[in-house]
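Line by line, the protein sequences give chains A and B. Residue 249 in our numbering sits at position 249 of the first sequence, and the numbers go up by one each step. Residue 6 in our numbering sits at position 6 of the second sequence, and the numbers go up by one each step.
The hints are simulated quantities; they were obtained by calculation from the structure and are not laboratory data. All of these numbers come straight from a predicted model, not from anything done at the bench. You may find that some hints are simply not true.
Unchecked claim - Facing chain A, a subset of chain B residues (Cβ under 10 angstroms, in silico):
| id | residue |
| --- | --- |
| 1 | Gln88 |
| 2 | Ile100 |
| 3 | Leu108 |
| 4 | Lys138 |
| 5 | Met153 |
| 6 | Ser336 |
| 7 | Arg360 |
Yeah, the Cβ is synthetic: ideal placement off N, Cα and C, and Gly gets one too.
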Amino acid sequence: MADIQKRLSELAAAVDNPKERLEYYLGQGKKVVGCFPAYTPEELVHASGMIPMGLWGAQTEWKEVKRYLPAFACPIMQSNLELGLRGAYKGLSAVIIPTLCDTFRCVSQDWRFAVEDIPMIPVTHPQNNANEGSTDFLVSEYESVLNKLSVITGMRMTDAALEETIEIYNEHSRLMQEFAQTANDHLDVITPAIRHIVMKSAQFYEKAEHSEIMKDIIEELKNMPKHNFTGKKVILSGITAEPTEILDILAEYKIAVVGDDLVQESHQYRVLIPEKGGSAVRRLALQWKNRKGCSLVHEDFKSRGEMLVELAKANEAAGAVYCQMKFCDPEEYDYPICARTLRAAGIQVLQLDIDQQKGSFEQARTRIQTFAEML
Amino acid sequence: MSENNKATEQAAPAKPKRPKPKSMIMLNEQTAALAENTRKAKEKGEKIGWSTSIFPQEIPEALGLYIQYPENVGAGIAARKQADPYLQTAEGPLEYNNDICSYAKINLAYAEAMNEGGTLVMPDFLLVANNICNQVTKWFENLSKTLNIPLFMIDTCYNSEDYVTESRVKYIRSQLDQCIKDLCEFTGKEWDEKRFIEVMDISAKNKELWIRANELLANEPAPMNGFELFNYMSTMVCNRGKASTTEILTQLNNEIDEHLKNGTSTYPVEQQYRIFWDGIACWPYLGHNLRTLKQYGINMVGSGYVKAWALDYESNDLDGMAKAYSYCPANNNNMSTFIKRRADAIKQFNCDGVIFHINRACKVMDCQQLEAHRRISEITGVPYVGFDGDQADYRNFSEAQFETRIQGLVEVMKARKEAQNNG
Numbered sequence: 001m002a003d004i005q006k007r008l009s010e011l012a013a014a015v016d017n018p019k020e021r022l023e024y025y026l027g028q029g030k031k032v033v034g035c036f037p038a039y040t041p042e043e044l045v046h047a048s049g050m051i052p053m054g055l056w057g058a059q060t061e062w063k064e065v066k067r068y069l070p071a072f073a074c075p076i077m078q079s080n081l082e083l084g085l086r087g088a089y090k091g092l093s094a095v096i097i098p099t100l101c102d103t104f105r106c107v108s109q110d111w112r113f114a115v116e117d118i119p120m121i122p123v124t125h126p127q128n129n130a131n132e133g134s135t136d137f138l139v140s141e142y143e144s145v146l147n148k149l150s151v152i153t154g155m156r157m158t159d160a161a162l163e164e165t166i167e168i169y170n171e172h173s174r175l176m177q178e179f180a181q182t183a184n185d186h187l188d189v190i191t192p193a194i195r196h197i198v199m200k201s202a203q204f205y206e207k208a209e210h211s212e213i214m215k216d217i218i219e220e221l222k223n224m225p226k227h228n229f230t231g232k233k234v235i236l237s238g239i240t241a242e243p244t245e246i247l248d249i250l251a252e253y254k255i256a257v258v259g260d261d262l263v264q265e266s267h268q269y270r271v272l273i274p275e276k277g278g279s280a281v282r283r284l285a286l287q288w289k290n291r292k293g294c295s296l297v298h299e300d301f302k303s304r305g306e307m308l309v310e311l312a313k314a315n316e317a318a319g320a321v322y323c324q325m326k327f328c329d330p331e332e333y334d335y336p337i338c339a340r341t342l343r344a345a346g347i348q349v350l351q352l353d354i355d356q357q358k359g360s361f362e363q364a365r366t367r368i369q370t371f372a373e374m375l
Numbered sequence: 001m002s003e004n005n006k007a008t009e010q011a012a013p014a015k016p017k018r019p020k021p022k023s024m025i026m027l028n029e030q031t032a033a034l035a036e037n038t039r040k041a042k043e044k045g046e047k048i049g050w051s052t053s054i055f056p057q058e059i060p061e062a063l064g065l066y067i068q069y070p071e072n073v074g075a076g077i078a079a080r081k082q083a084d085p086y087l088q089t090a091e092g093p094l095e096y097n098n099d100i101c102s103y104a105k106i107n108l109a110y111a112e113a114m115n116e117g118g119t120l121v122m123p124d125f126l127l128v129a130n131n132i133c134n135q136v137t138k139w140f141e142n143l144s145k146t147l148n149i150p151l152f153m154i155d156t157c158y159n160s161e162d163y164v165t166e167s168r169v170k171y172i173r174s175q176l177d178q179c180i181k182d183l184c185e186f187t188g189k190e191w192d193e194k195r196f197i198e199v200m201d202i203s204a205k206n207k208e209l210w211i212r213a214n215e216l217l218a219n220e221p222a223p224m225n226g227f228e229l230f231n232y233m234s235t236m237v238c239n240r241g242k243a244s245t246t247e248i249l250t251q252l253n254n255e256i257d258e259h260l261k262n263g264t265s266t267y268p269v270e271q272q273y274r275i276f277w278d279g280i281a282c283w284p285y286l287g288h289n290l291r292t293l294k295q296y297g298i299n300m301v302g303s304g305y306v307k308a309w310a311l312d313y314e315s316n317d318l319d320g321m322a323k324a325y326s327y328c329p330a331n332n333n334n335m336s337t338f339i340k341r342r343a344d345a346i347k348q349f350n351c352d353g354v355i356f357h358i359n360r361a362c363k364v365m366d367c368q369q370l371e372a373h374r375r376i377s378e379i380t381g382v383p384y385v386g387f388d389g390d391q392a393d394y395r396n397f398s399e400a401q402f403e404t405r406i407q408g409l410v411e412v413m414k415a416r417k418e419a420q421n422n423g
């Protein structure tokens, strides 16, 4: 138990203070590139010999950003831009911003004009994945990202380096999937908040390093006797399930998280980079083609609702919490479709507003309490 | 007799309405014909489509398909102040968030629960181009799922660079080819290359006529009330590849030419200020907006709609068409392209000020607007003001705020003009 607690504490510290992780890598003489959510090709950064670090907002007061964004823009984008404007990301060699939604499109440009000392590298993912040409297009976008990264490093990434990175990332993804399954036998140790911390923490580590930590955690969990959890089980869906106070309320009402469909968490790990398919860059592009069930990925006859039912059933969850990021329109469009599909399958649904900013959690508490009674 | 009746009797007789120009009568006939022809086609068993507003309509038009445009219908419902029950249904039983696009809310409610007797005929397939925004993709995905009908997509890829990259052209071109194939297969129609070229030629002609009509407002004083051009947009949205649109726009151009020749204008009062309007019209309050501007003699001479369909490509050049559909819509382009286009237009139309609509329904327009307008004003020296509104949700607009903001803009425009006059 001592070791697992130590490992979990390390991860919690990283999630609590990503700045310290940034300074740690800078102190090692590494270059760090900030990766905006979501599906940013961080493997290209890794294979270029730099550290990709996730930028997922923060609990911070919005002041400077009000000159750029209206109040009804995504809270993560508000915080990221605010921190950029305030100089909190000093040390990053660049940021990569995908243009997966309307707010992303604009924020990539606001950053470009407003945060002049940290270059912005854009990437556009194709949305018509059914079309044959979509992978060629994404390969070309990734090559454009690589060109911009090479300006920072002064050298070109090699195919061999990306092959190696892909192995590291696939191993890491397998470990994260294994953790998610193993955690369900230990819901006494892996509370909703701890599960979230583990899943999120990989954003702030070089992945091989994180894999080592994960191996320890998984091994320790497997050495422990299985816990007979008598509370209620749910799955989470959305962009993120933050802040952790929300997750603590779930635990308070004896609700465990047994699976997630969160962009910040399992979406990062659930689709492996294919073993075959051509050059390393092409294989990376093919990973995108295999993604589905996400509000940021266009898919014919969206399957997210059905995927949620499957996830809930496979993990014996009686309910699904739809973590609705405030002002996130892609998620708002998916909600009615997902909710109907889940309810039709007899799974209870709670739509919970998610805003990273500190505030009162009393409304969330009341809603979770009622939900717990319904489960 | 009640007091109210007395007041009515004593009031001045209502001002006679200006007779509708012939072009407007033609436009109304065209709108009615599209609805009626689509209804009849559906009855005959033809497959009907719904489309986003800047989809490569040349393809369905060449196939002789009947296509309707929910954005246009949403704007009409909002302008007639009939949006409320749709908004309530979308946000109530259908569980859509208040935050999403108001055109989408109106249409999703229509499609799922309120289409009885409506002008939109229920579709058999959907056409989506995401060059106007990403929300249309999400909106049409939901239509596809709930109505269980196929969606044919042209992903136009956001332009982070100041130009359309070759990789984009290649990918979009491949989708155009695929779309032709898929639509033929789904509808059973035969592809006719000759007809396709004909439609491209008609569309190019209509584009030129539309731009010409708009650019005539660069004359001083402007020969037309700029808000009236909002009404003609529907012909470009819904019938851009049709010969009937050529007739309407030719007539409109002739009417404007006539005003120029006679030194007259449809703007009802003396034009004191010329402004550029950035963003979608605030349809539920169009009358109020116009009245407020009119009080100060402000005419909207330029808007983003002037070049909204400036799809420049050579006839039968599908690579060119691919590029045009990615590059034309402002929302699909980076901020430097946006700034340049707006600054050029403000100079071209010799505007005294800019009004930008912080449209609650449209994040792609709002989330870079503040920085863009600071930069545009630096380039042009022209003052600007923003107001909070919504293209179709009447709840997101304050008449008082609009009036105050316009008043503020007028003060700055006035001071600037005086300074210019005084050298």
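For each hint, the structure was consulted:
1. Gln88: Nearest chain A Cβ about 15 angstroms off; hint violated.
2. Ile100: 5 angstroms, holds
3. Leu108: With a closest approach of 9 angstroms, the leucine 108 of chain B hint holds.
4. Lys138: With Cβ-Cβ at 4 angstroms, under 10 angstroms, it holds.
5. Met153: 5 angstroms, holds
6. Ser336: 8 angstroms, holds
7. Arg360: Holds: closest Cβ of chain A sits about 7 angstroms from arginine 360 of chain B, inside 10 angstroms.
Hint 1 alone, counting from the list given before, is not met by this structure.
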